[in-house]
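J.: Below are the chains, spelled out letter by letter.
Number of protein chains: 4
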Amino acid sequence: MEKSEKKSARTLNPEKISANREKILTTALTLFTSRGFSGTPTSLISKEAGVSTGTLFFYFKTKEELIDTLYRRIKEEAAKEMCRGMDKQKTTKAKIWLLGTNVVEWSIRNHAKLKFMEQFAHSPFVSTSAHEEGMSNFLFLSDLMKDGIREGAIRNIDPTLLLSILASALTGLVARASEIEDPDEREKIVQDGLDFIWNGMKT
Amino acid sequence: MEKSEKKSARTLNPEKISANREKILTTALTLFTSRGFSGTPTSLISKEAGVSTGTLFFYFKTKEELIDTLYRRIKEEAAKEMCRGMDKQKTTKAKIWLLGTNVVEWSIRNHAKLKFMEQFAHSPFVSTSAHEEGMSNFLFLSDLMKDGIREGAIRNIDPTLLLSILASALTGLVARASEIEDPDEREKIVQDGLDFIWNGMKT
Amino acid sequence: MEKSEKKSARTLNPEKISANREKILTTALTLFTSRGFSGTPTSLISKEAGVSTGTLFFYFKTKEELIDTLYRRIKEEAAKEMCRGMDKQKTTKAKIWLLGTNVVEWSIRNHAKLKFMEQFAHSPFVSTSAHEEGMSNFLFLSDLMKDGIREGAIRNIDPTLLLSILASALTGLVARASEIEDPDEREKIVQDGLDFIWNGMKT
Amino acid sequence: MEKSEKKSARTLNPEKISANREKILTTALTLFTSRGFSGTPTSLISKEAGVSTGTLFFYFKTKEELIDTLYRRIKEEAAKEMCRGMDKQKTTKAKIWLLGTNVVEWSIRNHAKLKFMEQFAHSPFVSTSAHEEGMSNFLFLSDLMKDGIREGAIRNIDPTLLLSILASALTGLVARASEIEDPDEREKIVQDGLDFIWNGMKT
DNA sequence: TATGAATGAGGCTTCATTCAT
DNA sequence: GATGAATGAAGCCTCATTCAT
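Residue numbers (this note's numbering), protein chains in the order written: chain W, 31 to 233; chain S, 31 to 233; chain F, 31 to 233; chain Z, 31 to 233.
For the record, the hints were derived by calculation from the structure and aren't laboratory data.
Don't take every hint at face value.
Copies of the same chain are indistinguishable here, so a pair counts whether it falls within one copy or spans any two.
[Stated by the list, open to error] In silico SDA-like cross-links for lysine to any residue, where the CA-CA straight-line distance does not exceed 25 angstroms:
#, residue 1, residue 2
1, Lys232, Ser82
2, Lys93, Ser48
3, Lys123, Arg185
4, Lys77, Ala183
5, Lys176, Thr57
6, Lys118, Ala151
7, Lys53, Ile179
8, Lys123, Glu52
9, Lys218, Gly182
10, Lys53, Glu106
11, Lys145, Leu193
12, Lys93, Ser73
13, Lys91, Glu211
14, Lys77, Ala205
15, Lys145, Arg114
16, Lys218, Asp177
17, Lys91, Asn186
18, Lys77, Pro189
19, Lys143, Gly69
20, Lys93, Lys123
21, Lys218, Asn50
22, Lys123, Asp98
23, Lys145, Arg102
24, Lys123, Ser48
25, Lys232, Glu217
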């Protein structure tokens, strides 16, 4: 039964599901986050994942492919989480607000994944196709800016600039918020941070 | 005697000066920026700098020391450039404005150095003392926030949050501004970006 | 019962027959010829043959066994082809002539097999029993020399030397002949080559 | 003094002279001959040569480059030995005779080198530039054939065929001759073998 | 018979660093 | 100060082979 489940899952999903494959990905994420890409030998990954070297390279042809797979996965997940519930929001402000909340929450709950993404974004040597795909998953944000401008809710300035500052300001907000343990205090910080951002962009 | 003279000259400046040493640092900066830390062998640095392997390790005991030296230098330079003329500004707004302008200008003129700093900041494996020193050079910014709040010019919220968002938003502004070639257009973008930021933090 | 039938069928021919087995052998021959023994992973053979790794190792316990099987097969086939019609020839000269023609024809028609044999003969690391069997299939040639000498058709010199030069000269003839496309031209070359050889050995 | 010698030698010769480099080449030749290219790990070469792994790769960027270097060296040496004294011979026959003697003598005295060349020639995976250079060092043989034909000493048939059979027949002669220990007996064999070859090609 | 995931020894190569000159 | 040959640990990856299904 377990087997048939596996098989059907595999048939449906081009990205094969396998216990070992998943263990490798999970382990790699942790290690890459704490030790960096080049500080993490593939041998350590396989050892920590409890599989042999061969198994790692059976699932991922190269170390780079492992990193890429991880990147694509996390980016996709993050994108999904970030726009969760967005379509139910009416006003641009409400959308930005929800976006901000989603970002902060996901980032704090997935600290390792966040670190991974940051490291990936700033590694010149990981010059893969994955890198080039760039922000494809975040195109909806660009539309959000343009719509906001059209509706008159957001200042009529270069949308790319708006997006760029929005994204980086959120990063700054996350960095600060994640230092705070107390949920109420943190909530306060997040609200203040979003105020900052919204006041910056609104008309 | 010649030697002691050299020494005293050196004593004034803790960082020894030598044509070769400088060539190594310059070359390393370029290479690290384009290929990453671990993508840049010391042998390549010395070759491109036109010196022997031995010479590189004569000036820098380890590769890490070379990276650290570069980091410290650039951080110091950046800090100096960023607060240039700040003391002549009266209002908090003027100060923030000048800061922003300085940051953008320096960043664009020193693209390689900026990239280096970003890469350094996101490299888990560069766990040096240099990393820990952290933002020591930017303490004055913290005071800027606090003073602004006291004077009632800046919203009374967590100064660390303000600083965090300010810093990252500037990063976003720089990223966008540096994509634009035309000086006038770029100036416009910078002004809009600083408006964003200032509107976000002002009372 | 079905099984025992199979077995008895198999007993007649020591080399088991199976579509997969044959596909593996054929594929292996091509790959070994173009990429060399150690340049050809078993995984590639099985992939190109359209079977799984397991299947390859079901039919051949080791890679070496696969190579040996191939070697023995080809050697046997070559030997058979080479002496085809020999018993109908009366004179030593006619025999040598037929042998030469057979060799050239088979070699050109079976280029891959020829290359395989050459590679095998010059690979120090294939130190199998197969190697040692050596020229067992070509003993009749030795007799051919001795008979020729006895009859006075061939010069009375060391038969092993005769054989050795005969064999290698034929190799040279084949190498040249196989470069020529036109059948008539090639036939001319072959005749000239056999003249060379026969003139060399005749009394 | 030893050093200055080294230096001047190095300046004159593009192929640097270094004790370690030579030790590696010598050791590699022996090992490749007895164990084959892929049966000889670079680690074994460096160990037997008494140097570190790093040193081997300091002198030869890849294993392939090591093999190539060896090939080129030996080919050059062989070519030189083979035509030694040739220009002093008047008749074509005398030239062929001397060539044969040179070949046999060099081959027997340099058994390892001969084996190396044979292995190299039959290794499909060593597809380097070295391979392509081909017989460039043996062009003079081609001229020898053509001159012989013009002078009427050699049969007027395809010179390439002549060359091909001559070369391979010599290989056969060498193979047989090197099995014989006794110098007189061997000399007899060589003469008989050369008779074979000469009778085959003469008019 | 057939499959293919799993193994792990071992191969080639890189690279920070040392040291004798 | 400067050189560059030498080192060897360590990294990435391959591949023959096994085995549970």
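J.: Each hint needs a verdict: does it hold in this structure or not?
T.: Structure-based check of all given hints:
1. Lys232 x Ser82: neither (55 angstroms within a copy, 57 angstroms between copies)
2. Lys93 x Ser48: within (18 angstroms within a copy, 30 angstroms between copies)
3. Lys123 x Arg185: both (12 angstroms within a copy, 20 angstroms between copies)
4. Lys77 x Ala183: The answer is neither: 54 angstroms in one copy and 56 angstroms across copies each exceed 25 angstroms.
5. Lys176 x Thr57: neither (40 angstroms within a copy, 43 angstroms between copies)
6. Lys118 x Ala151: This pair counts as neither: shortest intra-copy Cα distance 31 angstroms, inter-copy 38 angstroms.
7. Lys53 x Ile179: neither (45 angstroms within a copy, 49 angstroms between copies)
8. Lys123 x Glu52: neither (39 angstroms within a copy, 52 angstroms between copies)
9. Lys218 x Gly182: between (28 angstroms within a copy, 20 angstroms between copies)
10. Lys53 x Glu106: For Lys53 and Glu106, only the intra-copy Cα distance (19 angstroms) is at most 25 angstroms; the inter-copy one is 43 angstroms.
11. Lys145 x Leu193: both (21 angstroms within a copy, 20 angstroms between copies)
12. Lys93 x Ser73: both (10 angstroms within a copy, 21 angstroms between copies)
13. Lys91 x Glu211: Neither, since 41 angstroms and 41 angstroms both go past 25 angstroms.
14. Lys77 x Ala205: neither (32 angstroms within a copy, 40 angstroms between copies)
15. Lys145 x Arg114: within (21 angstroms within a copy, 33 angstroms between copies)
16. Lys218 x Asp177: Answer is between: at 22 angstroms across copies they meet the 25 angstroms cutoff, but 28 angstroms inside does not.
17. Lys91 x Asn186: Neither, since 48 angstroms and 54 angstroms both go past 25 angstroms.
18. Lys77 x Pro189: neither (47 angstroms within a copy, 44 angstroms between copies)
19. Lys143 x Gly69: both (17 angstroms within a copy, 23 angstroms between copies)
20. Lys93 x Lys123: neither (42 angstroms within a copy, 49 angstroms between copies)
21. Lys218 x Asn50: neither (42 angstroms within a copy, 53 angstroms between copies)
22. Lys123 x Asp98: Neither: 34 angstroms inside a chain and 44 angstroms across chains, both beyond 25 angstroms.
23. Lys145 x Arg102: both (14 angstroms within a copy, 23 angstroms between copies)
24. Lys123 x Ser48: Result: close neither inside a copy nor across copies, 42 angstroms intra and 57 angstroms inter.
25. Lys232 x Glu217: both (22 angstroms within a copy, 21 angstroms between copies)
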